[in-house]
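Residues per chain, in single letters:
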Amino acid sequence: MTLTHPPTIPVPTGTRRLLAAAGPGLVDHERTHGPLPAVGPAVIDEIARAGVEGRGGAGFPLARKLAAIARQGGTARTRGRSGPLVVANGAEGEPASRKDAVLLRRSPHLVLDGAVVAALATGATEAVVATSAGLAPVVRQALAERRDPVRVTVRALPHAGFTAGEASALASAVAGGPGVPQDRVVRLSERGPGRRPTLVSNVETLAQAALVARYGAEWTRGVGSAAAPGTRLVTVSDVRDPDTAVVLETAGGAVLGDLLVASRLDRADPRRAQAVLVGGWGGTWVPATALDATLDAPGLAPWGASPGAGVLAVLGADTCPVVTTARIATALAGASAGRCGPCVNGLPGIAEQLTALAGGRPTRDVEHLVSLVDGRGACHHPDGVARMVRSAMHVFREDVLAHRSGRCLVGGVR
Amino acid sequence: MSREEVALHVDWTRCRGRGLCTEVFAARLARDEWGFPLARDGGATRDVPVLPEERAAAEDAVALCPLQALRLTAR
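If you're matching them up, the sequences are chains A and B in order. Position 199 of the first sequence, counting from 1, maps to 199 under the numbering used here, and the rest follow consecutively. Position 73 of the second sequence, counting from 1, maps to 1073 under the numbering used here, and the rest follow consecutively.
Simulated from the structure, these hints should not be mistaken for laboratory data. Don't be surprised by glycine CBs; every beta carbon is placed ideally from N, CA and C. Each hint should be verified, as a subset may be incorrect.
[Claimed, not checked] Partial list, derived from the structure: chain A residues whose beta carbon lies under 10 Å from chain B:
| # | residue |
| --- | --- |
| 1 | Val185 |
| 2 | Ala331 |
| 3 | Gly334 |
| 4 | Ala337 |
| 5 | Cys340 |
| 6 | Gly341 |
| 7 | Cys343 |
| 8 | Leu369 |
| 9 | Gly377 |
| 10 | Cys379 |
Turn these sequences into a full structure, and let the hints guide you.
Here is the structure:
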């Protein structure tokens, strides 16, 4: 993936927290946030009260992960094993997301603070920031400016593809392994690579934890909705071209349509939007009629969607949704790590059938193929493809019907 | 774990669809169109629930898998 410098824009409905510092250096960071206060295991309860959930896609509560690691770390030490390891996930394999790159470039010290907070909370003596080769120097530069109570290092990932950021793949890469998804019967938090209890957490999630450690849960909940307290980073783009992306920091639970307007992207104008792919390429299509929905779990539940990695990829009214879905499915098939049979066989099959449908040619039952990949892999990559394709077949059912009879409802761009 | 609830865990990174498991544990497993084991109940096949009376067949499937892609896990 090419590295871009997406513009960031102050959102009228938003709040500057993660991106508040004037520059990426330590001086600007401490001028804005002050030094990191002393932190111990009690911060886990504060993070729980603040409601910090994972920003990498799965939305798992950070406090529960931290508590599990802290518990397992104690067990590991009494058995003479190595203590826990914290991995800050800055791989950003999601093709439509640019938020982690913006965060690492703009506020690397907040991410590093977050990694330190996670380490001190769990009794870990080491933290690793894993990111693309392009962003690693940014983090190294920030590290050179500071002294931390735990060892913090940077790991440049040789290829930050789609599955590189999957937790077991990332943990494997950090431990010097192949960096592909691993089969797991034991949780990483219990026993990761090198038998160490391992926390893998998205860089934005950790940066949010750094804010909670400084300002507390009540302050965190001062903005955002009850279901999505605080702020979150959102990437708005034209679904056909992720490089058009704009990254916003917004209050949690913002209205989808407002976020599209706030992006000031011509291609994201709600009046010309047909649908939005929410969460990521392995996310869920939401029709433009639902742009009054909020970007939080209750707001998106009627569509079976979730905020995921904060991606809003907009499909313009002049673009065929069947062609677009086929293109994304093809890209996702190509992004498979190639480890698991159903993914290796099923994803290209789905992509082929959708491509045939896009061209108005007869196809096999796509839904059947989708059912053969869902939940049948070591990682959740095929599950995401299943989710995206199922939502497309539902939201764009009129278009799908038209294509089955060799027509296309969109006269414009194919 | 003789009396507790168990599941048959498929390590998809090892499975190559040889299909022995679908023969010895046919009560639960069918083959998909590529030969990979597919839970007959239509559920996801990372972990297939195993009833106590199916335990012996599931253990055979684990033992016979040439790729060592199966194991029984506590549910």
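Hints and how they fare:
Checking A:Val185 against chain B by beta carbon gives a least distance of about 5 Å; that is within 10 Å, so the hint holds. The beta carbon of A:Ala331 is not positioned within 10 Å of any beta carbon in chain B (closest approach about 22 Å), and the interface hint is therefore violated. At a threshold of 10 Å, the smallest CB-CB gap from A:Gly334 to chain B is about 19 Å, leaving the interface hint violated. The interface hint given for A:Ala337 is met, as the beta carbon of that residue sits about 9 Å from the closest beta carbon of chain B, less than 10 Å.
Given hint, A:Cys340 at the interface with chain B, holds; its Cβ is 4 Å from that chain's nearest Cβ, closer than 10 Å. Because the closest C-beta pair between A:Gly341 and chain B is about 5 Å apart, less than 10 Å, the hint holds. Taking 10 Å as the C-beta cut-off, the interface hint given for A:Cys343 holds, the closest approach to chain B being about 8 Å. Against a cut-off of 10 Å between C-beta atoms, the interface hint on A:Leu369 holds, since the closest Cβ of chain B lies about 9 Å away.
Taking 10 Å as the C-beta contact cut-off toward chain B, the hint placing A:Gly377 at the interface holds, the least distance being around 5 Å. Look at A:Cys379: its Cβ gets to within about 9 Å of chain B, closer than 10 Å, so that hint holds up.
When the structure is compared with the earlier hints, violations turn up for hints 2, 3 and for no others.
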